[in-house]
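Participant: Grab the two chains, each in its own frame, and use the hints to assemble them into the complex.
Here is what each chain is made of, one letter per residue.
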Amino acid sequence: MNSPLGASPNVPRFHRTMSPGQRLGLATLAAVLLLVLDLRFGALGAVRDAISVVLRPVQEAAHWPVKLATDGSIYFATLAEVQAENARLRRIEMEDRLRAATLAALEAENAEFRRLLGMSKRAELRTIGVEVLYDAPDPFSRRIVVDRGANAGVRLGLAVLDAEGLVGQVTRIQPLVSEVTLITQKDHAVPVMVQRNGVRGVVYGLGDGYLELRHLLADADVRADDLLVTSGLDGVFPPGILVARVVSVDTGTGFSHIVCEPVAFGERRRYLMVVERVPAKESPAGGT
Amino acid sequence: MQTVSRPARVLQPPRPRFILLTLALAFFWDLIPKGEWGFWPELTLAVLTFWAMRDPERVGVWTAFVLGVMLDVGRGVALGQEALALVWVVYLAQRRAARILWFGGWGQALLLLPLWLLALALQAAVRLAAGGDWPGWDYFGTAFADAALWPILSYALLWPQWRAVRSDAPASLS
Numbered sequence: 004m005n006s007p008l009g010a011s012p013n014v015p016r017f018h019r020t021m022s023p024g025q026r027l028g029l030a031t032l033a034a035v036l037l038l039v040l041d042l043r044f045g046a047l048g049a050v051r052d053a054i055s056v057v058l059r060p061v062q063e064a065a066h067w068p069v070k071l072a073t074d075g076s077i078y079f080a081t082l083a084e085v086q087a088e089n090a091r092l093r094r095i096e097m098e099d100r101l102r103a104a105t106l107a108a109l110e111a112e113n114a115e116f117r118r119l120l121g122m123s124k125r126a127e128l129r130t131i132g133v134e135v136l137y138d139a140p141d142p143f144s145r146r147i148v149v150d151r152g153a154n155a156g157v158r159l160g161l162a163v164l165d166a167e168g169l170v171g172q173v174t175r176i177q178p179l180v181s182e183v184t185l186i187t188q189k190d191h192a193v194p195v196m197v198q199r200n201g202v203r204g205v206v207y208g209l210g211d212g213y214l215e216l217r218h219l220l221a222d223a224d225v226r227a228d229d230l231l232v233t234s235g236l237d238g239v240f241p242p243g244i245l246v247a248r249v250v251s252v253d254t255g256t257g258f259s260h261i262v263c264e265p266v267a268f269g270e271r272r273r274y275l276m277v278v279e280r281v282p283a284k285e286s287p288a289g290g291t
Numbered sequence: 009m010q011t012v013s014r015p016a017r018v019l020q021p022p023r024p025r026f027i028l029l030t031l032a033l034a035f036f037w038d039l040i041p042k043g044e045w046g047f048w049p050e051l052t053l054a055v056l057t058f059w060a061m062r063d064p065e066r067v068g069v070w071t072a073f074v075l076g077v078m079l080d081v082g083r084g085v086a087l088g089q090e091a092l093a094l095v096w097v098v099y100l101a102q103r104r105a106a107r108i109l110w111f112g113g114w115g116q117a118l119l120l121l122p123l124w125l126l127a128l129a130l131q132a133a134v135r136l137a138a139g140g141d142w143p144g145w146d147y148f149g150t151a152f153a154d155a156a157l158w159p160i161l162s163y164a165l166l167w168p169q170w171r172a173v174r175s176d177a178p179a180s181l182s
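Going down the list, the sequences are from chains A and B. Each residue of the first sequence is one higher than the last, beginning at 4 in my numbering. Each residue of the second sequence is one higher than the last, beginning at 9 in my numbering.
Simulated from the structure, these hints should not be mistaken for laboratory data.
With beta-carbon atoms standing in for the labels, derived distance ranges: (1) A:Leu32 to B:Gly144: 28 to 38 Å; (2) B:Ile160 to A:Pro68: 16 to 26 Å; (3) B:Leu33 to A:Val85: 35 to 45 Å; (4) B:Ala32 to A:Asp99: 46 to 56 Å.
The C-beta atom is built at its ideal place from N, Cα and C for all residues, glycine as well.
Extracted from the complex, chain B is given alone in its bound form (with noise of 0.2 Å):
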């Protein structure tokens, strides 16, 4: 897996579609309702943290604003909550991305548990303050999930850009 982040491969540049579709896809398992359990991983979460390194042009600090509206919705929680929480952590990526991308997989997944876990904390103390119930501690087994999935997530996200130019290709927009 170290090879994810090897400069020394030429990217291609990764497709709107693409993006656009692995986001959707996320936003949809991050709306099934799964129970008690707290060691879920929250994929809207992860997958939106790589676009926002990989394609800081596209994908940026309001498309976590409307992803996490979104969510809001969905799942029938406090309006802004997620939002606030996936705005900071887009922020806060794209200001470490260089570094963290320097990194392979286990690395990167090392640097971004502390922004992911400051976004499950941000949104407990939203809650909290406004009387919500006490979640336990395994609320921030999200974080632990997102990360243990990184290095199998990143490298399938990547796969599409490192493969041979495809002539089929639509041009890209920028």
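Same shape as in the complex, but just chain A (with noise of 0.2 Å):
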């Protein structure tokens, strides 16, 4: 770089002929502020969206085999597995419908009580159902892609859920499909308390499965086998949601280490549901 930017203006600055190593270095510019833009300040969204709009039609393609393949497999399950998976369905389905009828009763006295106190009303679920499609192509990361998008009411930052916990939560919308980061993403950070005595922390995804509670006073009692659920700190997650199971406490070192694992299947399961909070209409005590 001896020629200084705008030293001479009557020359062009870039001729047709670029030698190779300045095109290389260019192009090396180019993509390292991409990627400065991207990573560190998520400054790209608009471009991102406008190359998609090119892109989506042969995404869609590209992602025929894949749910060719899928169906197939279940075009060809067994007819033993469906039934033995259907008496089990129908078992659960039994007990939910028994347990849905004491949550009718309990809801109502719950929502009776908040009145006599004075308090707001509790907010409520809006789910939406989804299917898992493939996991992102991107190694780096811990995503799935599912198959509802803005379409169906999806946006960004919901809860998703699979039948024992919280699963992830959504990261990218399209109108189609949507893209659910995992707990277990490393630094991916969920508000959560110990479900036995209401301690409050912050889980972090480990990267390897695993989770790791933190940021918690220092003589708290958490011990193993605890279930952490959402405590809903956040405003995004309802609170109450399984979590986690802490595996094991290690206050050696004077700071507590404390590794969890997920509740959620997740990555495994095929259906999931995206849960949204919806603000209760009318309060009473006129505060939120």
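Facilitator: Pasting the structure below:
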């Protein structure tokens, strides 16, 4: 870089015949710039969207082979498997109905108490059933792609659950599909509390399938086999969803090192649920 | 397969439409989601390398950049990650093209393998620096899959050029 920029405005800086080295330098610079803007500042959503508009038909065509393969495997599932599953589901449905009946009564009771205490109404939940299409083709992150998108009301940041507990969070949406980042993704954070005693903390993904509970008070009472549920403090996740089970608590070095494993089967499940917290419409106490 | 790069054959110049078609097909293949297994070939990488060496006038660093960005968007990975990798592979392949093309299919594959490994390593370095998950060693399997595929692939891509001159072929653009 001997000649300073703008030293001689009459000489075009970019000749048609840039040397290969110069071209490489310029292209590298451009790529690095894109990377920094995207990874550091997340500033390229518009660019991404613009290119996606062109690419979408190609992408959808490229997803056909996968869809065929999965649909095919379902078609060829044996009758015995289907019957066994059907029986299992019927039993679960019976149990759930019973529980739902009790729940309805409890909910009514709870609403009555809240009204009496002058508390605002509990947020309601809206759920969207989704099917897992495939793992996102990015080996550096733990994300899955599901078959409902903006058109079905999926929005950025919503919680994604399976029958056991929290699976992840919607991190990218397109009209017909959306991408879910799993809670086991490295540094993915979920505010939680210990179900047993309400101690609050945050679980972080470790990137190897496990989670770590951090940001606890020094003398917090957490033991192995404790269950962690969402605290709902982030205003995004509904409170009370099972997240993880504490595997080991190590307080040897003064800092507590608490490793947990997720309760959800997430990655291996085919059907998941996107859950949105809908604020209650009228609140008797006037506050939110 | 040794005949692929024998200079005894007179090659017709590749037709731009053929280059475009093969790159588009490779790109399409790379957009198909393939799950966890690491040993799927990445065809854009291989086909781009091929044309970068065979037709450096048309396919160069900027082709690599554009294709890379499109791949990044199509796969939903970090924008610029694949672009950076492809740009460097094309540059290095073009610098060494004369030496590489002197060898037969397997020899070429062996010489290209380090470039492809570099492409994967570059992407890994960028993503890990930004706090990504370690993908496991089989992530680098892609480069070996490309190398294993290279003799057949380069044979197929070269085939239209060493056929007899076709009278119905449109005039080359250059």
